[in-house]
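Protein sequences appear in the order of chains A, B and C. Per numbering that gives the first Met the number 0: the first sequence = residues 0 to 222. Per numbering that gives the first Met the number 0: the second sequence = residues 0 to 113. Per numbering that gives the first Met the number 0: the third sequence = residues 0 to 532.
I should point out that these hints are in silico values taken from the structure, not numbers from a laboratory. Please note: incorrect hints may appear among the correct ones.
To be verified - With a Cα cut of at most 35 angstroms, we get these calculated DSBU-like pairs of lysine-lysine:
1) B/LYS18 <-> A/LYS101
2) A/LYS127 <-> B/LYS18
3) A/LYS127 <-> C/LYS278
4) C/LYS278 <-> A/LYS129
5) B/LYS78 <-> A/LYS98
6) C/LYS237 <-> C/LYS152
7) B/LYS78 <-> A/LYS129
8) C/LYS494 <-> C/LYS19
9) A/LYS122 <-> C/LYS278
10) B/LYS18 <-> B/LYS75
11) A/LYS129 <-> A/LYS185
12) B/LYS78 <-> A/LYS127
13) C/LYS19 <-> C/LYS138
14) C/LYS342 <-> C/LYS138
15) A/LYS185 <-> B/LYS18
16) A/LYS185 <-> B/LYS75
17) C/LYS342 <-> C/LYS19
18) A/LYS122 <-> C/LYS494
19) C/LYS503 <-> C/LYS491
20) C/LYS138 <-> C/LYS152
21) C/LYS237 <-> C/LYS342
22) A/LYS129 <-> C/LYS494
23) B/LYS75 <-> A/LYS129
24) B/LYS18 <-> B/LYS78
25) C/LYS19 <-> C/LYS278
26) A/LYS31 <-> A/LYS129
27) B/LYS18 <-> A/LYS31
28) C/LYS342 <-> A/LYS31
29) B/LYS18 <-> A/LYS122
30) C/LYS342 <-> A/LYS127
31) C/LYS503 <-> B/LYS78
32) C/LYS237 <-> C/LYS278
33) B/LYS18 <-> A/LYS129
34) B/LYS78 <-> A/LYS101
35) A/LYS98 <-> B/LYS75
36) C/LYS61 <-> C/LYS278
37) A/LYS127 <-> B/LYS75
38) A/LYS31 <-> A/LYS101
39) A/LYS185 <-> A/LYS101
40) A/LYS127 <-> A/LYS101
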Amino acid sequence: MRGLMSTSNHSHGGAHVAHHFRDAEHQFDSAKQGIWLFMVTEILMFGGLFVGYAIFHTIYPQMFSEGASHLDWRLGFVNTLVLIASSYTMAMSIHHLQKNEKDQAVTKLWITVLCGVIFMVIKAFEYKAKFDHGLLPGHLLNVEHAHAVHANLGMYYGFYFCMTGLHGLHVLIGMGLIIWLAIRAKRGDFGADYFTPVEGVGIFWHIVDLIWIFLFPLLYLVG
Amino acid sequence: MGSHNNHSGGNHSHHIIPKEIYTRVMWALIVCTLLTVGFHYLFHNVMHGSVLAAPVAFIIAAFKAALVLMFFMGLKYDKPDNRLIFATGFFFLALLFIISVLDIYTRIAETSTL
Amino acid sequence: MASSTQHGSGSEVNYINEFKGIGSWFTSLDHKRIGLLYMCSIFFFFLLGGIFALLIRLELFKPGAQLFTPDQYNQIMTYHGAIMVFMVIVPGIPAILGNFFLPLQIGAKDVAFPRLNLASWYIFMAGALIAMSTLFLGKVDTGWTFYTPYSIKTGTAATVMVLAAFVMGMSSILTGLNFIVTTHKLRAPGMTMHRIPLFVWSLYSTAILQVLATPVLAITLLLLAVERTTGVGIFDPKLGGDPVLFQHFFWFYSHPAVYIMILPAMGIVSETIAAFSRKTIFGYTAIAYSSLGIAAVSFFVWGHHMFVSGQSEIAGVVFSFLTMLVGVPTAIKMFNWLATLYKGNISFEAPMLYALGFLFLFAIGGVTGIMLAVMATDVHFHDTYFVVAHFHYVMVGGTLMAIMGGMYYWFPKMFGKMYNEGLARLTFLFIFIGFNVTFFPQFILGAMGMPRRYFDYIPAYHSLNAISTMGSWLIAIGFFLGLYVFVQGIRKGPKASQNPWGAKTLEWQTSSPPPHFNFDVEPTVNAGPYEYK
């Protein structure tokens, strides 16, 4: 049973090459292709929401405009900058690992986590403001308290909370993964000859940034 | 597969993207974000609405996305397979969008003959 | 299973007897063992879905209420559909036979991500358990398609069922992702893309569909869950939403999903027809690329499910035209299989019988599909038993026949034993005849105008419905007999040789059952997969 669980054997000098790969390079390429395929599924999943948003936005432009007017674009703007910075530090951590600069890599990973925390805190304040004003999805929308002009304003907030909620969930998952990476990196698991998990999580973290790049104008500005 | 076996031995020889490129990309992204906000201010508060608002915002967003994809995600230096995989995702998303929209916008204007 | 097969094979070490104890199965990263885990669970769900099918037919045996109330009937119909689609034929061939034979056929030691592979099974089981939990949480009566606005309004456990489908979708995505990378990266030396067996081509095409289509189902189901809990109105016409948009999103996944179900079946047929004709397959390249062609075209045709749903006439015309394109790659395959048979040295073992049965039934299913693609005829046939008969000819007559054939074909390799050939042929007879008795009358019923999904019908439809119900009993006998042949073969079957069929693909070059890492020596390939003469 233990024999089944451990798939590593120590061939080709790479300590992490599983038995069914030729060498570390082969394993790295395969893992990376898997990550890219996974990214495609992320794009298509969020894409469905974007398509729905685009369609209803053109059907009910005024209603969407009313919804967006309750959002503070400055918060979205700051969050955009925070995520750009975090993407930069994430990319830099891989750069350092490739050069075997362990300590800098660990620092960059923790800064990335910190950016994630800042993003989520700002997001939490935004959500709180929405709750306080009764700006909620669907029939939870408090029409009187929110002074809603359009009866189906709840649809806008449906999109708003689905999109930012799903995105926020990805940020949280990404943060968890990066904390795990930072601990492992500190332990010395990664270096120039093996950094596949960092590369994979990095790509995931960038896609989270990429989605926010579209969410920001879509939700905060164009409405 | 054997076709990419030019790195013999276990050692990696991955392309290391220079620090300067990452820094420049980050600044470009920040400038683009400022541009987005600037155009928003122009269209919204100065011109009080313009048909260009949405297209401009999304062209800038697409440019930013391309930067992230090419440099942060390293697709520019990656294998063609992975570029193709990613492009496929966008293609099928576009398909979903185009056909759904085709239906909805030809549906409403139409009067049934029945 | 682990204990029963340890005896007999003596000193020989293989993937079954190398590790012992039930725990070694639930933690195994070996693709072959994971395939068998899937086999056990999917067989169980198939039994469950089959029981629901028999109950449907019993209720429809005579006009008027027989056993159930109309509400119960709706629930039974929903569970039959949901179980058969999400838990049996979508995962079916890829998860069982694909898991087992994809690495073997390309000469790999495992799939690219063994841990992910095991995780897929656990995720699948979690989804299946959630789905089953709805039986105790108020049941579901929406049909497996969850059409809005009814699925928003119904007071049943639809939200839970929707989440279950979401979870099982994740499992499907991960399997597909694993297979794509495995096919790209783990082929043995010399195994070029144009030397991989056609079963691998079909799994590869299927995997592309799983990865590209399922995420859209995921988001659709999430939105439906949100719709049910908060009423955001995206799919609810009362709140300014668009129920037809739900159908667009849903069928963007679910039409390609139809090909997720049938493409691997086509792969099995390609293998068995070549093996039992003892002849190089005719048009390897055409069959291989028509798999990719079907996968691609399948994304452009989803609107033919919506001809009478209120989509625009222009969209309908476009979809009607595009749908007929599916006929082209499908026909290419049919003709190539027939050409392979021509002047072949054919023998009629059970796998071959199932493959030939597939050709016959799939041709009927396919041609009636073209009839339904024509918008004008579809308006008449839509939501009648004609459609029910059509897709059962494809899904059961196609996919299930292929699963049975594939299981018999690879049985010696999977378990190292032979099944009872005579009884296996008898299962074919029961299933094939029973199937036609059950579903052919439904074409006629549909053409006469009997609507589908209804709990009752007018007396004029009685005799054909009675025949159909009796046919369902024959199918049941066939499958139970099949189960017996299976269990008996595993327990008492004579030892199988390495290559009992004289087939040429790589999985037959290793021992039966294969060792833990599939091949004692990594194979090197220097010829195509079907070089018979």
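Hint by hint, here is what the structure shows:
no., hint, verdict
1, B/LYS18 <-> A/LYS101, "holds, 16 angstroms"
2, A/LYS127 <-> B/LYS18, "violated, 39 angstroms"
3, A/LYS127 <-> C/LYS278, "violated, 70 angstroms"
4, C/LYS278 <-> A/LYS129, "violated, 70 angstroms"
5, B/LYS78 <-> A/LYS98, "holds, 21 angstroms"
6, C/LYS237 <-> C/LYS152, "holds, 11 angstroms"
7, B/LYS78 <-> A/LYS129, "violated, 44 angstroms"
8, C/LYS494 <-> C/LYS19, "holds, 21 angstroms"
9, A/LYS122 <-> C/LYS278, "violated, 65 angstroms"
10, B/LYS18 <-> B/LYS75, "holds, 16 angstroms"
11, A/LYS129 <-> A/LYS185, "violated, 40 angstroms"
12, B/LYS78 <-> A/LYS127, "violated, 44 angstroms"
13, C/LYS19 <-> C/LYS138, "violated, 39 angstroms"
14, C/LYS342 <-> C/LYS138, "violated, 54 angstroms"
15, A/LYS185 <-> B/LYS18, "holds, 21 angstroms"
16, A/LYS185 <-> B/LYS75, "holds, 29 angstroms"
17, C/LYS342 <-> C/LYS19, "violated, 48 angstroms"
18, A/LYS122 <-> C/LYS494, "violated, 65 angstroms"
19, C/LYS503 <-> C/LYS491, "holds, 27 angstroms"
20, C/LYS138 <-> C/LYS152, "holds, 14 angstroms"
21, C/LYS237 <-> C/LYS342, "violated, 63 angstroms"
22, A/LYS129 <-> C/LYS494, "violated, 70 angstroms"
23, B/LYS75 <-> A/LYS129, "violated, 40 angstroms"
24, B/LYS18 <-> B/LYS78, "holds, 21 angstroms"
25, C/LYS19 <-> C/LYS278, "violated, 40 angstroms"
26, A/LYS31 <-> A/LYS129, "violated, 39 angstroms"
27, B/LYS18 <-> A/LYS31, "holds, 22 angstroms"
28, C/LYS342 <-> A/LYS31, "violated, 47 angstroms"
29, B/LYS18 <-> A/LYS122, "holds, 30 angstroms"
30, C/LYS342 <-> A/LYS127, "violated, 75 angstroms"
31, C/LYS503 <-> B/LYS78, "holds, 33 angstroms"
32, C/LYS237 <-> C/LYS278, "violated, 61 angstroms"
33, B/LYS18 <-> A/LYS129, "violated, 40 angstroms"
34, B/LYS78 <-> A/LYS101, "holds, 27 angstroms"
35, A/LYS98 <-> B/LYS75, "holds, 20 angstroms"
36, C/LYS61 <-> C/LYS278, "violated, 49 angstroms"
37, A/LYS127 <-> B/LYS75, "violated, 40 angstroms"
38, A/LYS31 <-> A/LYS101, "holds, 22 angstroms"
39, A/LYS185 <-> A/LYS101, "holds, 7 angstroms"
40, A/LYS127 <-> A/LYS101, "violated, 39 angstroms"
Hints 2, 3, 4, 7, 9, 11, 12, 13, 14, 17, 18, 21, 22, 23, 25, 26, 28, 30, 32, 33, 36, 37, 40, counting from the list given before, are not met by this structure.
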